[in-house]
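Each chain, letter by letter, is given below.
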Amino acid sequence: MLWADKYRPKDFSNLDYYKEQAANLKNLTKDGDFPHLLMYGPLGAGKKTRIMCILRELFGPGVERLKMEVMNFITPSNKKLEIMTINSSHHIEVNPSDVGIYDRVVVMDIIKNVAQSQQLNANATRDFKVIVLTDVDALTKDAQHALRRTMEKYISNCRIILCATSVSRVIPAIRSRCLCIRIPAPTEETIIEILQNTCKKEDLKLPSELAKRIAEVSNRNLRRALLICEACKVEQYPFTDNQKVPEPDWQVFIKKTADKILQNQSVETLSKVREDLYELLTNDIPSDIIFKTMLGELLKKCDASISARVVEEAARHEHRMAQGNKAIFHLESFVVKFMYIYQSMMQEMFAEF
Amino acid sequence: MSKDIRSFFTVISNKSSAATVQVPKKKVKRLIDSDEEDVIPPTPDNKRTKSINVTKSKPTVILSSDSEDGTSKTKIKTKPVNKEQKPKLRLVNLEDLYNNKPIKQSKVESNPKGEIVKQDEPKIKKSKKKKIETERGIHGDETFEKTLMELDDDMFIENLDVLDKTIDEALNSKKKDESEVKQGSSKENSPNKPQNGSKRQIMSSEDESEVKQGSSKENSSNKPLDNDTSLKGSKRQRKPSEGTSSTPKKPKFEHTDSGFDPDEEAFEKRRYSAMLYQKYKTRGGPRLHGQKESPKGNPNCLKNLTFLRTGVLDSLESEEFENLIAEHGGRVVKAVSRKVNYLVVGEDPGPAKQQKAKAFGIKELSEDELFDLILVKSGKKPKYVVKTEDSQDSGVFEEKELKFEKPHITETNTRKKDEKKKHTEKESSNKEKPNLKRIKMEESKVEQKLPKEKEVTEMCNKEEKPHKTNSEKTVKLLETSKTTPETQSESAGESKGEEEEKPLSLTWTEKYKPTNTKNIIGQQSDSSNLAKLRTWLNNWYRNQIPEVRAKIPRPSPWAPCGNGAYFKAALLSGPPGVGKTTTATLLSKELGFDVVEFNASDTRSKRLLQEEVSQLLKTTTIAGFAAGNDNTDNRKRVLLMDEVDGMAGNEDRGGIQELINLIKNTSVPIICMCNNRRHQKMKSLINYCFELMFTPPKVEQIRGAMMSICFKEGLALPPNVVGEIIASTGCDIRQTLNHLTMYASSNNNSSLEQVQNKCQQSKKDTVLGPFEVIRSVFTETEPKMSLADKSKLFFYDYSLGPLFVQENYLGVTPNCPKKAILKRAAQAADAISVGDLVDAKIRSTNNWALLESQAMYASVLPGYYMSGKVTRKINFPSWLGKNSSRNKRKRLLSELHSHTRMSTSGGSLALKLDYIVPLRDAIITPLLKQGLEGVSDSIKVMENYNLLREDLNSLIELCQWKNGSNPFSKIPAQIKAAFTRAYNKSCQKLPYAAGAGFSKKKASLADDNEDDGNVSESDIEENDDVNSDSLIKVKSKTKNEAAGTSKKAGTSKKTKDTVKDEAALTSKKGGTVKAKASAGTSKTKKPAKEKTKKS
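Note that the protein sequences, when read in sequence, are chains A and B.
UniProt numbering numbers the first residue of the first sequence as 1 and each following residue consecutively.
UniProt numbering numbers the first residue of the second sequence as 1 and each following residue consecutively.
The shape of chain B in the complex, shown without the other chains (with noise of 0.2 Å):
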């Protein structure tokens, strides 16, 4: 540090003359002159020497500059006014000079920063401030500054006296000569600690507490100077006085900084750490917490400061603190490093990092300050710091504005405080008036909303020297100052936007239409789907030409699509939003395409297609005959199909299949475009087509277009709430458009939070899987959850959500002692019990208004008694699954039921709880046991119970438990198939309709026909008599056509018997084959009868 501030001296020493810098001493002098001669000179000498010897004093010296301001109290309201005053004056010539003349290097180099789109005035100025630091960078040589001064000259040669006094007055106003009186005193009597208990009563006698700890620090400060310890004294003095609360650990860690016994000093540092970390885990939250009104600054007055928190703040939490910090323009770290320019500290701050803070030489700042900070660098009067002495602190403010902002260019703090001296020296000496001009800048922004005229002639009044020329010049250049830049920027802004508003009806993403495709987002790079489908265009005709299109191979499904060369349409998928339709219609635009487009809102189905399309293709557009193209072969068309996956319902039947016949046979390409290239309706099409997927771009990407169209709009958003914006809408530009179109016509200045609440509640929903939401149910999440937000989590799916709940709260580990989660585990299951209850009752109701308390039931109140860790897989529910197989085994048994109904008592519960294993038994063992032979007590016992031989197979698996044995599987397979050639015989009489439901024959089946046992075995397999029954009827008819034409021919055997058998049917049966026989084959019958009698 030492060296920076050394190298800082010898740059500047080097660079401007000796002259130069012997001036400013002179002009301190000649500034403390004017005022009290006596103390000040000790002052700059201090400076100088600890500056050198102690880096760590700088703070203190900065803060001793606060404290001296901050002691002139009683004057106060009126006082900085007038000083602030006058400083306007050089503020508006800063800027008239600086849009004039040498600045313009600077402005180049600054360009990039100011990025135009928002004016505010706080950027303006610190982008000039850097301007004229690293113009002094440069030409930190006479010549510069010479020039500098004669600008200054020229404008305020007749201002010159009263800028001197009004300097002084700034810098130094009565009150803080007192103090440096009282320094100097101090010094020179040698460090003495009564003295300053002497000063705090001379500031407790003012009230203010504040100011009193300042130039206490001051002093302890200044004394110390050689000391190392009583430096540290100092900084004890100084932590309570920042209004931190102070703990008495903090002496005890310096102790150990200042290094006694280093084992000590290890185990005194881990006994504090730990306690500091007790200290931390009950630390609590923020004490007024919602009870100050944070400020409302300009969105950028916190540009380029970079804030770091410790400790609890008073109002905010961290987040809050965080927005706050973001919503101006600032940053906030999370570690201390050189780059932190303001070290925010709350109640219980961490020690670690103030003492880091320290050495660094980084501002503190309590909570109210920070606020003050804000409005003071937005032009705002500071209102949180004690408020008796606004006016005062207001000049605090800016005096500490002035020497912070360049650490962020040095990034030093010696810097800071050797700036702070050249400061001073600067403003003695007139050839330094830009940074004068700059305070002033401030000054005046802080005071621009009184009345101006008033507090001129105030001051010329207090300070009795009343140039009046002057006055009213100040008063003409206050008025000049205040309206050029907001004249000039939003002119600027407005000019600009003009130009491009003449189409004013138009919407803004008709208006940012792209209008060639280098303007589309995201599709400039040479892989892109624009470059793509551009390539795929060009060569479309060439590659139809037979020869061409023979060589090209049929690129494999699963290929990356290549150049698309085999297909003869393209299909554009995307989500909404990315620039599908605009790439097709500019590329093919840009290429000389003529463009004929079918969207969704024409009809689209098989034949309108078939007619319109294939007419239109072969017809030339009006444009095309107007334009003199009407030899038609040349004329280039491109079929663009908008919204493909939207032909649907009756309008556009068939309407995807045609599509594929025209692309089939196009003679010209075709471009296809939908949402969804997964969707059902696009599988077929997707073999057909050249496919490019288009992602939406990242927000990025987005961003620059649309500050850019921001800019022309003159809506001034900063770009991160732009980029919220546009995650918001999950980079749908078109929807981003419109969002923006709503945020300026709602016209105000979107803070970032009010922008994030908005895009939270515009936010698309995200829709989350059953799976996700079960994990959140279960899971604590770090801000927890609203109970809206809970029982929102079940609305997801309420149906299906206490399924989910249900199934998976087993598989979490509460966070709960080891004893207690059964105790919550019951408490839960308690819950879900009484949820499905409320379900009954919703379903059996239909009062779905009870919907709210079942989301408490079954996915709030398990999620709180449970919630914990999710330790287990997921499962989804598998009560559907046991619920279908539960209705399949119903089923079964409800047939088996009606089956058995004749022969059995009791209803299906008797079947189910006592039947079925003894009837199984019944059945089964007389073939395990005896085989063959036991075959007929099986089937007595299925004719008894009529039993189909599926039946058989459904109360085996009925009576099947979980892994438990199956006896029929026991039974060898030759038992079982003679099992089944014999029941199959046996041709038992069924007192109801076999087959797969009863419906299919009741009306046909007789059930009390006694000698026929046929009626029932058509359904029945591998049954010889079904066979021949079934060939019966179709040869029947063949054969009795051929009886009628030749009787003599003979026929085989075989025919004889079917169709005696065909014949003893139809005289049995009667109904049945007379209602399938036609008229025609019963007369053949009697031929046939005929035949068989006599044969």
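Next up, chain A with everything else stripped away, as it sits in the complex (with noise of 0.2 Å):
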């Protein structure tokens, strides 16, 4: 197993950081009952590892006893649609977004269905059932508007863990609903503890220069230390300070078009990086990292006089690109913007001379 399946913490008590809000949860849940949750925070961050230390708190180890379950639902266009489930006996896990625009019926008809079942065993420790919902941000409106009413009707029988990444997508009538408890990325010099712990454990010595450099390519993601460590552990054994911290392959090749866009801006350009991004987004890479990433990489290059232009380019673009259908039309409007505005920066420039 990877290291950072491996050593996932299970228990709030083995918990690394945010030990006093991981306290708070352990309070919270100590009388059997609590309010809906909202997790949120970015990627690698801890997210799920606090969800299932709160239902190990509430159900004990039973928890850990997964199944995977398929349900079906039928759309009302009667399209049959099949959703993966995660279950203990005790809390089921879904991913609503996984059926993309169907994702109002499941949250109408599995949840529900769910909610609504008593829980007839006798002997359970709690009277509820827990649904977790992961990546609520990726809900369509009418999932979530259907979500709300359910999350009050059915309270007596369940509690909702709602898990997402931003709660800037999530309406304000389910935010309102729930207890919303941040989990920030931790900082680096977390990071670099739980490598040098992890690597102790594995009977391993990371120089601490190398586990700094894997904090800083980490982004602040303690998965991704974690997953690069293990890498650079394979790709070459006896550690060195100055070895190869491997990014991730997305990362780069973002990079090598923001490169490729500044080194020369014409429509010939265009048509490479146009073919860049088709790549990018093939690979699934989400158009928002994409945006993201590439914007940072441009504005490295970028003098301060246009880097305001720049940004807020980007911005109105980012913004179009999530209420537009296609990805690609606003990236490479983006782009070519980029390239005018950069363009006739550096003519200015040479005028100058």
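There may be inaccurate statements among the hints.
Just the calculated beta-carbon pair ranges, DEER-fashion [claimed, not checked]:
#1 Ser969(B) - Gln118(A): 54 to 62 Å
#2 Ser266(A) - Lys339(B): 50 to 58 Å
#3 Ala322(A) - Thr871(B): 30 to 38 Å
#4 Asn887(B) - Lys67(A): 26 to 34 Å
#5 Ser601(B) - Ala322(A): 50 to 58 Å
#6 Thr871(B) - Met1(A): 49 to 57 Å
#7 His145(A) - Gly868(B): 45 to 53 Å
#8 Gly62(A) - Ser969(B): 41 to 49 Å
#9 Glu957(B) - Met1(A): 16 to 24 Å
#10 Phe795(B) - Lys292(A): 31 to 39 Å
Just so you know, the hints here were simulated from the structure itself, not pulled from any lab data.
C-beta atoms are modelled at their ideal positions from N, C-alpha and C, and glycine is treated no differently.
Hints are included, so try docking the two chains, each in its own frame, into the full complex.
Structural data, given as structure tokens:
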């Protein structure tokens, strides 16, 4: 097993950071009841880990006996869909956005079903079930609206734990029904510490310099840091300080693309960039991540005079991308715009000399 | 040119005896006598001499005559009318004459021209004029002229005096005389320029600029007879007078012409032309575009006239000008040649053209003059040129016409002049009355609308030559003249039409349906489909004789069909309205076949075909029976299956297949018809049919027939209009007829423009492919597309269009400086991105009204910003392909995610961004580094993450980037195989149902069995267990049966083993096997167990 999974804490007591918050959560569940929760935070911060900790705290080790189940439902347009859920006898975990635009049906159908059914097991530790919904921010507005009533109506039978990376796309109605808990990304120091600990457990020696670099590359994503660290180990074991730290491949790719844009601003380059963007998109890298990473790379080379303008354009196009259908249109439009701005800046600079 | 003149003269002089030549002279004199004798004699002399010496002076001479007419301003309104009245009389006579007498020859000649269909007056006139001239040409001898004279005399003996007078007046009104007086004096006084000036003053006092100019020209041209330079001077004067904007350059140009130093000249020329070019480039459009009402003349009033435009006209764009001329039957050319009759001069005319035109003696017209010419020619009052003196101008134009109609025949200017002279001669001479009459005809037509009697009386009063009898006669004649041509033509048309119009209720398509095969349009030739079908049908029965049939080889499907002898059926294919059904029915009728027809209105399902058709083919038709052909064997029959591509839907299910069967076993020829032979449904049928493809006939092929129908229906449409209609229907004869019916019912005289408009509307929408659409989005078309047209491009395919635009806008080089390209691209991209927003809005809210704005953003704006040249190949949008491959990867990822879900945290996004590469490496690196020893490690990882073998593949695919290396491919095949084998053996337990979808086995699989690893194995290929497993099921049954019958029978070890396995399985797995096993097998299991125990 990969380290990231191998050494994942299973209990509040094992958590490495935010121990205070952990204590709070523990207290929250102590009297056997808790409100709906909305856990949010960036990738690799430990949301899922904490959710599992909460469940374990509530129901005991039984929640770790997981099974997968496929649930079927029929959309109003008579389309048969299935969605995979992960169950224990105490909770069910669903990601409704798996079925795309039919997520509302999932919410209405499946979740309601689960929520409606009473806990019949007399010697159950709790008289409610927990529904864990992941990627709530990817839910459509319709699904979210369908959810809000369910949350109120069946509160006696179930608790819902929502998990999202950003709370901004969750409608306020749901936010107000939940206790929102933010899980921020761990600091680099924490990551370094955890890396060292992990390596100790693996009987490896991790030079602090390398650990630092890994932490930097990981972008405060603990999971990524652990995975990179392991990759480093596979690459070359006796660690050295200046060892190559493999970056995620998609990041490398975006950087290359940004370089192309900066090197030459012309329609020909644009055609090549379009190919690259398509490649990123077909690799299913989320377009907003592409946007963000690309902008970061571009801004590195940008003069302060234009960076404000560039960021503004980026924001405009990113917004459009969120509203529109075809990410490539907006990405490309941004790239051309940037090229134009950058080129005119360069020309101005040359004109000055 | 001079040659021409001479020849002309000589010809005449040769043919006509000296007497005739002299007579005119005398007559001229006489004419003059009647008015002012002293002045006139010089003019003819002058002209004579000039005509030989200076050919160029002719146009001026002509002009002079115009001006002469023009000068008579004050009397004007009444007088010209009068003049014209009398001529009318003669007009009638002329026609009568020609209808009656010697003109038959000419008629024969002119018939082809006449074309009968349009019996517009102008045409008749023209044709008659031609006749006259041709006649004159042919019978330019005394006898002929005498006969003419006699004819005239017969009709007009009493009128003669009047005639003369009117002629005089027509030609030399008093004013004219005055001018001539001046001319004469000027000549006598030797060239005096001041005189011109004085004349001008005189004229100016009369407020008629044009007239002045004309007269001034006249004078100038008359004076400097011998002097070339002075001639040019006159030209200079003339140009401004033409109403064209005179530029200071022209004189220069002429300087060069007049030939000084050649070098200087060349230089000058070059500079001048450069200047002109600059001017040409910057010249604007028509000044008064659309502000003038263009004249509506008779459709053929400009027939045989050729026009050339130079410069920018006042109100017409060049296209409109061409249309106008074409509409009236004229011809527009682009370069100066002798054939050009008129040079229409606008603002900033090309001096080269003008020069040349002058050299050819081509008459120059301004736009207004052109309009008036049209009006005059079609018998209306001119109204464009200086409106105060319309009546006079009409006179001017008549004169002009007269002079200029001849040129098409003679095609030389010199002749014009000569003829003009002759004209005067003829006028003066009674013998030449036909010409005279012609003149009068024109005039009379111009004035037809005016109340005649009044005019006549007026004329009588004013001219003070009251021959009352004459006037009365003229009135009568006038009336008859008016009625006869029209009534004749109409009655002719109607009588013909009526003959065929008896079955009035029929539509034209039915009425003019070909009645025999020879009438089918486009099928006359020997290699036509009709001929092929005929031979095929003729030979059909012979070909069916077994011996003959055996000899006919099956033609290869690619070879051209030949005579189709092999086939039992024919398939006629082609667009609608080209005559497939007509051909088939007529032909079979002609060859004596009885036709049994099935078309789309009949149900043609398999069963019905079987029953009805086969039945029909066995019986005789009633017609045949009634005709006494009750001998069924003799009766030939043909089965027409019309519209076979319409065999569709539930109704006709199996129809095609049955048709094919029918064809295979038929005893009669079968003719099938369809529109699109490439249609999917036709594919199977084609193999059994002799294929004949009908292509639409050409416009010219159809037009003749259509014209004749038009004629029969009394619908006067010029051929070009008919051609337009045909073209607009895509050469669909039936539809053309329908259109014509519509025109006939609407019954207004459609002009070419109207028809073009209508055709535009009714035009079958030509379907542009997306590639052409995208081309026209980005290229600038010359007549700029309107916004509506541009957005229409978007609507060709509004779902695909934006994608095409986005894909290809970078392949366009916009018309802008290179620096600005990126800016343009940015603007275009921005518009495209907004377009996508609109698209999203449309689709999410179903607000399709927004499509219009999407059209703007997604197609029009990018097209506007990037408009230029499409430099790259137009690609199909790659978004579609990319999107589907993206979806595929998404699907793989979500499957992978669901498999790994138990052991990973985080969603599929985290999996994609962070996990997959380390995960892949964790599996592959042991294999790479340690080879076979690493297999177990790899498999351990696989197990931990609940991965299937297929998941590894998708994992590798997901990690794969464009032109990145694939580490998995570096693993030796041997190790890979070992890995696969080991994996298959390992029989891990999966928490989910493996398989293509997880749906299949989810019900039957229990996930919490601890002991047995076989559960999920069935899907893995080459798995021994699986194989045996499936074997067991089969074998156990047979085995058990065998066991049931003979327990003692020794069974091989192998079977025992399998049975053992099976037993073990059943005991442990329970559910699955039980479900599958029947009761019988479950019984037999026990004996099997016992056996194994024993063994």
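Checklist entry - Do the beta carbons of Glu957(B) and Met1(A) sit within 16 to 24 Å of each other? => result Check passed, 23 Å falls within 16 to 24 Å.
Checklist entry - Should the hint that Asn887(B) and Lys67(A) are 26 to 34 Å apart at their CB atoms be regarded as holding? => result Since the Cβ atoms of Asn887(B) and Lys67(A) sit about 29 Å apart, the hinted range of 26 to 34 Å holds.
Item to check | Cβ distance range 50 to 58 Å for Ser266(A) and Lys339(B), holds or violated | outcome: holds (55 Å)
Checklist entry - Is 31 to 39 Å a correct range for the gap between the Cβ atoms of Phe795(B) and Lys292(A)? => result holds (37 Å)
Next on the checklist: For the hint 50 to 58 Å, verify it against the beta carbon of Ser601(B) and that of Ala322(A).
Outcome noted: holds (56 Å)
Checklist entry - Is the distance from the Cβ of Gly62(A) to the Cβ of Ser969(B) consistent with 41 to 49 Å? => result holds (45 Å)
Checklist entry - Do Thr871(B) and Met1(A) keep their Cβ atoms within the hinted range of 49 to 57 Å? => result holds (56 Å)
Item to check | Outcome for the supplied range 54 to 62 Å, where the beta carbon pair is Ser969(B) and Gln118(A) | outcome: At roughly 55 Å between Cβ atoms, Gln118(A) and Ser969(B) fall inside 54 to 62 Å, so the hint holds.
Next on the checklist: Please check whether Ala322(A) and Thr871(B) have a Cβ separation lying inside 30 to 38 Å.
Outcome noted: holds (34 Å)
Checklist entry - How does the Cβ-Cβ distance of His145(A) and Gly868(B) compare with 45 to 53 Å: does it lie in that range? => result holds (49 Å)
Hint compliance for this structure: every hint is met.
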